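Here is how the chains run, residue by residue.
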Amino acid sequence: MIKSFGKYVLMLYYIFLKPEKLSVYWKRFLDEIIQLGVKSLFIVSLMSAFMGAVLVIQTATAIESAWIPDYTVGFTVKQSMLLEFCPTIISLILAGKVGSNIASELGTMKVTEQIDALEVMGVNSIGFLIGPKIIASLFIFPIVIMYSIFFGFLGGGLVCYFTEIIPVKQYILGIRAFSEDNFIFIRYALTKTIVFAFLITSISSYFGYYLKGGALEVGKASTNAVVYSSIFILFANYILTQLMLI
Amino acid sequence: MIQVKNISKSFSGVEILKDISFEFEKGKTNLIIGKSGSGKSVLTKCIVGLFEPDIGEVYYNDRNFLKLKPKEKKEVRKEMGMLFQGSALFDSFSVEENVAFPLRMFTQMTNAEISERVNFCLQRVDIINKNSLYPSELSGGMQKRVAIARAISMQPKYLFCDEPNSGLDPVTAILIDELIKEITVEYQMTTIVITHDMNSVLEIGDNILFIDNGVKKWQGNKDEILNVKVKELYDFVYVSKFLKKMKS
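Protein chains in written order, with my numbering: chain A, 1 to 246; chain B, 1001 to 1248.
These are calculated hints, taken from the structure and not from any lab test. A few of these clues could be false.
To be verified - Example chain A residues on the side facing chain B (calculated, C-beta under 7 angstroms, incomplete): (1) Lys21; (2) Thr112; (3) Asp116; (4) Ala117; (5) Met121; (6) Gly122.
Claimed, not checked - According to the in silico footprint, chain A covers these stretches of chain B (three or more CB under 8 angstroms from chain A): (7) 1077–1085; (8) 1088–1098; (9) 1101–1109.
What the hints assert, rightly or not - Restraint ranges, calculated between C-beta atoms of paired labels, are given here: (10) B/Gly1037 x A/Ala215: 16 to 22 angstroms; (11) B/Pro1070 x A/Lys220: 29 to 35 angstroms; (12) B/Pro1070 x A/Gly6: 15 to 21 angstroms; (13) B/Lys1069 x A/Gly219: 37 to 43 angstroms.
Every value quoted in this text rests on a predicted model; they were computed, and no experiment measured them. Beta carbons are placed, not taken as given, at the ideal position from N, Cα and C, and that holds for glycine.
Here chain B stands alone, though its shape is the one from the complex:
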């Protein structure tokens, strides 16, 4: 479980996040939703430690991440996996080398054990016989799958996904969503997904945090979101005339 308490963050005097508190639950896909520029990515970067919040605390299973020593932080980081918006696969590494990278870096596994684990992770995300290809030779959907394989290779406790289905067609997007949902339940991870895609919200939103202009405006789940009364969220959910007509 990850707890975020009273997080605020400013850049050059502009407040991006304002006093956000939330609890991300284990074994569930926790969604952070909101318009572009609402502060979703900044919040996630504060949680994983890429940004340091001005005020507030982040707890990973009761460990106050921001108060940990660098060595202890590194240990927590080994329990994290992250899927970036653009996949962030290493261009100069093949698919196999990308997935094997954290294993080579942080474990004492032999080459045979690493190879076995890599193949297992790649098969889990339905990437077969592509080990020697480079990221530039893969489609966007495949790159996302390989990035998921890399993220789960160390069997993380916490998985972060930054707009996992951006730039993908609706069918592939749903497949990626389903994959994230499956592995979350399978490995009992605390998964946090940043998205503004309503299909994802309705598909995998077990626990949802809605942010508007850096302020927490609503929390709930996918069943509750369709009957929401908060104006900002209502406008976000029922953005198209079609959906508004359906609702009425």
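Pulled out of the complex, with its shape left as it was, chain A reads as follows:
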């Protein structure tokens, strides 16, 4: 356990060593933005829209009362999507999609000696392979989460429009209600996202990069990457919530 943590810290140290050539790293950074962020947009928008839609139906049926105004549905959707569903649940989904992708990519490179090839050439393989992934995820994940929040609201709005479970105007009113705390909530959501992005990419990279063995271990590394990323996301979520919201 301590040895693994030491290796993880050492890996982080190598990431921040001076790059051999910035232009090559810049190209990798752009590639990783596409690989980690842009290619996740479809699944993120789909999940977010359905989460928003389901939340509207569940909330509307749960608070069917003449004493509670309709806009409460919109407000509940906003709070749930902004505080928890988008930053945490979408990050857990990204841990599955992106985390397993990173671990299997690096694991395969290890097994097929591509990482050894980089080392023999004199390239800092950790900095070259993992560094751009971490920096790209820190940059693109908050954008993906903002995008997810938008689609969550949109999904809820579409349900209101097509089913008339509550009037669309009331839903929008709820989304816009009590907006004076929005900045604090968005800051909280984005801070969580940045921490989760770091955890997903660094933990997954660790399992892929330090893989030992053959093809079978690549599968195990992918599974470990997802499991450990998810566990650490849940821990970090609790700690950040305690620190930032109370």
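Dock chain B against chain A, hints included.
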């Protein structure tokens, strides 16, 4: 020239290499031969610095590689080219990008100069009009050729080849051997080839080191190996009944 002095290496208490010393000569194809698991790959990885030996020294033209500072080690590494057993081409890069990679990473060459150098290296290994293909679209022999092109793109002083013809048919294997031999002489490199293929040994073995169970058992050249008296090497060379019959 590369000199290896008293190299020993253990993993989890099991001694893989035991006090190996050898001199790999410039402009020659130096072979490390031995059975599977004899320690050939570990020795090579110790020489290129992928493993650190427990004891011993490795000299690249009188520079003690293991004592160099990380920055100086990087400079020596730029003089190395390595051909891996499975080619180790980068899957996500095209043929051209693979060969261009070290040039982009370590030189200030312009795109036009890089392109010219890449085409020269690819033509040298007889890969023509395949620049935009990806490694998965190439045959095993072609992948090896592209890997050789990548290894020589920086005009290395030292070339390492880990079982360059494993998994190849005998005809392609001989072609790869001949190519390695040609470029070694052409660029006056110190080439080290790990193999257990006797065809390669007899074809390109200018200077041969035989390892058995991590111990250096014999050194010589391809002309001497057929008349060898060392039992372990004799058993290795004359492994088939056919060869034994031919010998007798």
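- Item | Violations among the numbered hints | none
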